[in-house]
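Chain by chain, the residues run as shown.
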Amino acid sequence: SQKIEQNSEALNIQEGKTATLTCNYTNYSPAYLQWYRQDPGRGPVFLLLIRENEKEKRKERLKVTFDTTLKQSLFHITASQPADSATYLCALDFLDDKIIFGKGTRLHILP
Amino acid sequence: DVKVTQSSRYLVKRTGEKVFLECVQDMDHENMFWYRQDPGLGLRLIYFSYDVKMKEKGDIPEGYSVSREKKERFSLILESASTNQTSMYLCASRTTGYTEAFFGQGTRLTVV
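Chains as they are written, first to last, in this note's numbering: chain A, 769 to 879; chain B, 26 to 137.
Honestly, the hints are just simulated from the structure, not real lab data.
Errors might be hidden in some of the hints.
What the hints assert, rightly or not - Pairs of lysine to any residue, SDA-like flavour, derived with a Cα cap of 25 Å: (1) K38/B to T124/B; (2) K771/A to S112/B; (3) K866/A to K785/A; (4) K771/A to E125/B; (5) K771/A to A854/A; (6) K831/A to K38/B; (7) K80/B to F814/A; (8) K823/A to T121/B; (9) K771/A to A847/A; (10) K771/A to L70/B; (11) K80/B to G784/A; (12) K825/A to T124/B; (13) K871/A to S776/A; (14) K866/A to K82/B; (15) K866/A to K38/B.
Said to hold, decoys possible - Derived CB-CB ranges, DEER-like: (16) A847/A to D26/B: 43 to 53 Å; (17) Q849/A to V137/B: 40 to 50 Å; (18) E94/B to T788/A: 29 to 39 Å; (19) S769/A to E81/B: 14 to 24 Å; (20) M113/B to A851/A: 20 to 30 Å; (21) R34/B to T788/A: 30 to 40 Å; (22) S90/B to D835/A: 15 to 25 Å; (23) T837/A to M52/B: 27 to 37 Å.
Idealized CB from N, CA, C, for every residue including glycine.
For reference, chain A alone in the conformation it holds in the complex:
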């Protein structure tokens, strides 16, 4: 069956450390992969997009990798801050314009 799995429901990271979130998928062949941030009571907000032929993408303190052989993406936040606390969603992006989301990981950055 088709699945998108984000490594854990919740993750606690000490302020200043690097937070690493994982997204694994099975029986899908996405063309692109996206990451979003969602704060409580709000809609998701786009962070980064990576193509299937790109290995890595960076934006300020964020870094995303995409391994189509392993069917895995890693999302890193370096020098994490309490303001980075939120739910992070990975999303698979398909040729037919559909976008499918994982369940998300709640990240808590501890001061």
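Dock chain B against the given chain A, drawing on the hints supplied.
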């Protein structure tokens, strides 16, 4: 700035009622989406539309229908609301191609 506006922030409806959730975007986007979000289940795709009058079923279309008569507006219809349709409903839009999706603020629907 792109704006995706959902007609209601909170809605309470009775079982069996016909419910309309409206979504309007102001950026001439071709693609529009309806998701529902439930604790432990994440965001699940109900329907999406890639053009006016065109629609495709998502993963959980049962009990829902959609309408897209104009490019900027995408409506989600619950033909006969049931308590298991109590949820947060999120609308999104984007331009064709592999681009970011913009989300509305969500409608928290309670069916009693």
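Hints, one by one, checked against the model:
Between K38/B and T124/B, the direct Cα distance comes to roughly 35 Å. Violation of the 25 Å bound is thereby established for this hinted pair. With a C-alpha separation of about 22 Å, the suggested pair K771/A and S112/B falls inside the 25 Å cut-off, and the hint holds. Proposed proximity of K866/A and K785/A is contradicted: the alpha carbons are some 35 Å apart, above 25 Å. Taken as a hint, the K771/A and E125/B pair is honoured in the structure, with Cα atoms around 22 Å apart against an allowance of 25 Å.
About 23 Å separates the Cα atoms of K771/A and A854/A, which keeps this hinted pair within 25 Å; it holds. For the hint pairing K831/A with K38/B, the CA-to-CA distance comes to about 43 Å; that exceeds 25 Å, so the pair is violated. Of the pairs offered as hints, the one joining K80/B and F814/A holds, with about 24 Å between alpha carbons and a cut-off of 25 Å not exceeded. Of the supplied pair hints, the one linking K823/A and T121/B holds, its CA atoms being roughly 24 Å apart against a limit of 25 Å.
A distance of roughly 31 Å separates the Cα atoms of K771/A and A847/A; the hinted pair therefore is violated under the 25 Å criterion. Proximity of K771/A to L70/B is assessed by CA-CA distance (about 14 Å); at most 25 Å being required, the pair is judged to hold. As the CA atoms of K80/B and G784/A are separated by approximately 45 Å, the hinted pair breaks the 25 Å bound. For the suggested pair K825/A and T124/B, the alpha carbons sit about 15 Å apart, so the restraint of at most 25 Å is met.
Between K871/A and S776/A the alpha-carbon distance is near 9 Å, which keeps this suggested pair within the 25 Å criterion. Between K866/A and K82/B the CA atoms are separated by roughly 10 Å; this keeps the pair inside 25 Å, and the hint holds. The straight-line distance between the Cα atoms of K866/A and K38/B is roughly 29 Å, outside the 25 Å bound, and the hint therefore fails. Checked against the hint of 43 to 53 Å, the C-beta distance between A847/A and D26/B comes to roughly 28 Å, which is inconsistent with it.
A C-beta distance of roughly 41 Å is found between Q849/A and V137/B, which places it inside the suggested range of 40 to 50 Å. Roughly 45 Å separates the CB atoms of E94/B and T788/A, a value that falls outside the hinted 29 to 39 Å. Our hint of 14 to 24 Å for S769/A and E81/B holds, since their Cβ atoms are close to 20 Å apart. Between M113/B and A851/A the Cβ separation comes to about 23 Å, which falls inside the hinted range of 20 to 30 Å.
Remark: the range hint 30 to 40 Å for R34/B to T788/A is upheld by a beta-carbon distance near 34 Å. Distance hint for S90/B and D835/A: a CB-CB separation of about 39 Å, inconsistent with the stated range 15 to 25 Å. A beta carbon spacing of about 36 Å between T837/A and M52/B agrees with the range 27 to 37 Å that was offered as a hint.
In this structure, the earlier hints numbered 1, 3, 6, 9, 11, 15, 16, 18 and 22 are contradicted, and the remaining ones agree with it.
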